[in-house]
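Chemist: Since each chain sits alone in its own frame, please combine them into the complex, following the hints.
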Amino acid sequence: MTTTDFRDRLYELYRPPSDHFTFVDVPDMQFAVIDGDGNPEGEVFAKAIKWLFTTIYPIKQDAKKRMGKRFAEPPLECLWWADDMSDLILGNKDKLKWRLMIVLPHWTDDALFQQGVETAVGRLGEKPTTLRREIMKEGHSVQILHKGPYEELQEINTKLYRDFLPEHDLKPNGFHHQIYLDDPTRTASQKRKTIIRQPVV
Amino acid sequence: MSESLTDSELLVLGLVSEMPRHGYELEQIIEQRGMREWTQIGFSSIYFVLGKLEKKGLVTAEKPAGTKAKKSYLMTETGQQALITQTLSALTTVRPTYSSLLMGMIHWPALQREQALDALNQRGKAIQEEITRIEGIQLDQQPLPDHVDALFDYSIAQLRSEADWLQKTLDYMTCKPWNT
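Those protein sequence lines, which keep their order, are chains A and B.
For the first sequence, my numbering gives the first residue as 1, with consecutive numbering after it.
For the second sequence, my numbering gives the first residue as 1001, with consecutive numbering after it.
To be clear, the hints were calculated from the coordinates, so they are not data collected in a lab.
Treat the hints with care, as some may be off.
Claimed, not checked - Pairs of lysine to aspartate or glutamate residues, derived as EDC-like cross-links and limited to a Cα-Cα distance of at most 20 Å, are as follows:
{"hint": "1", "chain 1": "A", "residue 1": "Lys147", "chain 2": "B", "residue 2": "Glu1135"}
{"hint": "2", "chain 1": "A", "residue 1": "Lys64", "chain 2": "B", "residue 2": "Glu1135"}
{"hint": "3", "chain 1": "A", "residue 1": "Lys50", "chain 2": "B", "residue 2": "Asp1149"}
{"hint": "4", "chain 1": "A", "residue 1": "Lys191", "chain 2": "B", "residue 2": "Glu1018"}
{"hint": "5", "chain 1": "A", "residue 1": "Lys47", "chain 2": "B", "residue 2": "Glu1018"}
{"hint": "6", "chain 1": "A", "residue 1": "Lys127", "chain 2": "B", "residue 2": "Asp1140"}
{"hint": "7", "chain 1": "A", "residue 1": "Lys64", "chain 2": "B", "residue 2": "Glu1031"}
{"hint": "8", "chain 1": "A", "residue 1": "Lys65", "chain 2": "B", "residue 2": "Glu1135"}
{"hint": "9", "chain 1": "A", "residue 1": "Lys191", "chain 2": "B", "residue 2": "Glu1025"}
{"hint": "10", "chain 1": "A", "residue 1": "Lys193", "chain 2": "A", "residue 2": "Asp183"}
{"hint": "11", "chain 1": "A", "residue 1": "Lys69", "chain 2": "B", "residue 2": "Asp1153"}
{"hint": "12", "chain 1": "A", "residue 1": "Lys64", "chain 2": "B", "residue 2": "Asp1153"}
To be verified - Over the 10 Å line for every Cβ pair with chain B, so calculated as not near, a few chain A residues:
{"hint": "13", "residue": "Gln154"}
{"hint": "14", "residue": "Asp163"}
{"hint": "15", "residue": "Ala188"}
Quick reminder that beta carbons are idealized off the backbone N, C-alpha and C, glycines included.
The following block holds chain B by itself, in its conformation from the complex (with noise of 0.2 Å):
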């Protein structure tokens, strides 16, 4: 079976491979690395993702003795393997995500120039707020393993990229002669 997960799937499964844990530890895990973030995943969904896992044999759960006992859940050899196979696709899969910018700049006919080059201004300017962000949560959050520091500085790359391609833009559309 290559039953595709959804990302909060993946990222619970994730979580419980590390070693096995209750749906609050999970919770609070969530919270402590900023996971999210990068994925939508409130706490009451946390319970029914993990009822998901275990519908589809991926996490199994298990109940110490004692009545208040929490359930903690652990990944079955089928969720290793699941885990494996998801966690490549997602590496290697390119999926583009749509920035509401592209929608700017298709209809930027439509707009008088003093106002098109000040919401590209505002724009860089949330770009460096956003970079110094999570530059802080980056800081905030050591020590991190080699992986996770690379996945933030995924995040600032990419908008140290579109600064760059902003202030190019920025720089040809105020020099360049604007009709009307």
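Chain A extracted, bound-state conformation (with noise of 0.2 Å):
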């Protein structure tokens, strides 16, 4: 793959059209992941981000000398859902389930990824019990580009899961994909760019 292809595969996967959803085909990656549920407002979802960011950096460190002028950052992504999607749709933040990510490089092992963990341990404690690399499959999937605060990201969802889908005859095929392409403590918030991600059927 040259730098070009693999540029212009980056950009159909993490930059989308922000005016109208486009379908893209998702390839099998493999991410750092932890599990959680509830508000993510509260500490465990930002305790979650801290750990998958401390993780990884040891692999990133790697990644930035192998990969050379190729490298780029990888943002903070998460799947939600919830047992009742109308809590989902509506944000209803204390029913929400949620699984952080962060992409890793696909030559990443058992023995990075462990060296990333030590790493982690080292500075934080105790690890999160669902810290963990996982391949994530979304083949083909629905996504847009959202400018602007995480509020308003309710009325894209809401466009997607009513009429979008339904006007495709589609149906989720898989969580709910968060995409954070900007550090909200760094960013105001209607300067931010979130992708929103669902796989379909």
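Modeler: Structure (structure tokens):
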């Protein structure tokens, strides 16, 4: 894969249009993953994010060395679901279940991942039981880029699940997926870019 | 107007440019990002600096309705221009910072052989400890944008460079014939 091919692929996956839904076929990718439930504004969610970024740090340093200029900073991603789907659409935060993820280089093996975990354990203490490396299979998906506050994601979700999917005779085929392209502590809310992605069938 | 900003003023202006912030938020950000590592700005100084930036027309204060609401600061157009100018200047200006080491080397002949070599050895150990400390902060601060990671890499690279110099110098001085 040439650098150009690689960049084009990254753009297809991580820079969709913001004015309309598009389709993308997501390849299998491996991720560092932590599961949880409950309000994402709580401490458990923030701590899980910290664990992920600390765990991937040595893996990221290794990737930077191997990839040089081709290296791109992986964003934080999160799968969202709920026992009752309307809780997801309506944004009832306490009812949500989540899976935080950061994509790993394809060459990451158990040894390299374990090195990352040990680094994180050394800094943060006892590791979350659900921290693991996992291959995510999404395949055919609908996605869109949102620019603005996270609160506005709700109306896009409504358009996606109540309008776009039924109009195109599609059904969800996997969890609701959000990709956070900006660090919210450094980016004003109106400038934040978030990808919404939904695997479909 | 091409007035120069102090490091503290430039730091605060940059943080306000990210998003509107009140003084206490600025204190939290400065603390969380470990910015006191490389700039002197106390908590009480933040309001002083904000006041100066406001006087210069680089930021403006807005106070939302409600008596207990905190005053929030926004960057102005003039502030945007000043931020760009000062940041470009900061990147391009090579401003040597003189280490106490230079004074030590100047007066090297005043020392006894063993105490001089021992002092350099101690410095070598202190440099390694400092590298480890900064690497720890860089890890603890994750996630960091590339440009901030690069900032940490810069500090570490400087220390490693000095460690290299020190090892070569120590080796040479150890082997060198010593007067008296």
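Chemist: Now, for every hint given, state plainly whether the structure supports it.
Modeler: Structure-based check of each hint:
{"no.": "1", "hint": "A:Lys147 with B:Glu1135", "verdict": "violated, 34 Å"}
{"no.": "2", "hint": "A:Lys64 with B:Glu1135", "verdict": "holds, 16 Å"}
{"no.": "3", "hint": "A:Lys50 with B:Asp1149", "verdict": "holds, 16 Å"}
{"no.": "4", "hint": "A:Lys191 with B:Glu1018", "verdict": "holds, 10 Å"}
{"no.": "5", "hint": "A:Lys47 with B:Glu1018", "verdict": "violated, 24 Å"}
{"no.": "6", "hint": "A:Lys127 with B:Asp1140", "verdict": "holds, 15 Å"}
{"no.": "7", "hint": "A:Lys64 with B:Glu1031", "verdict": "violated, 28 Å"}
{"no.": "8", "hint": "A:Lys65 with B:Glu1135", "verdict": "holds, 17 Å"}
{"no.": "9", "hint": "A:Lys191 with B:Glu1025", "verdict": "holds, 19 Å"}
{"no.": "10", "hint": "A:Lys193 with A:Asp183", "verdict": "holds, 9 Å"}
{"no.": "11", "hint": "A:Lys69 with B:Asp1153", "verdict": "holds, 16 Å"}
{"no.": "12", "hint": "A:Lys64 with B:Asp1153", "verdict": "holds, 13 Å"}
{"no.": "13", "hint": "Gln154", "verdict": "holds, 21 Å"}
{"no.": "14", "hint": "Asp163", "verdict": "holds, 32 Å"}
{"no.": "15", "hint": "Ala188", "verdict": "violated, 3 Å"}
Comparing the model with each earlier hint shows violations of hints 1, 5, 7, 15; every other hint is respected.
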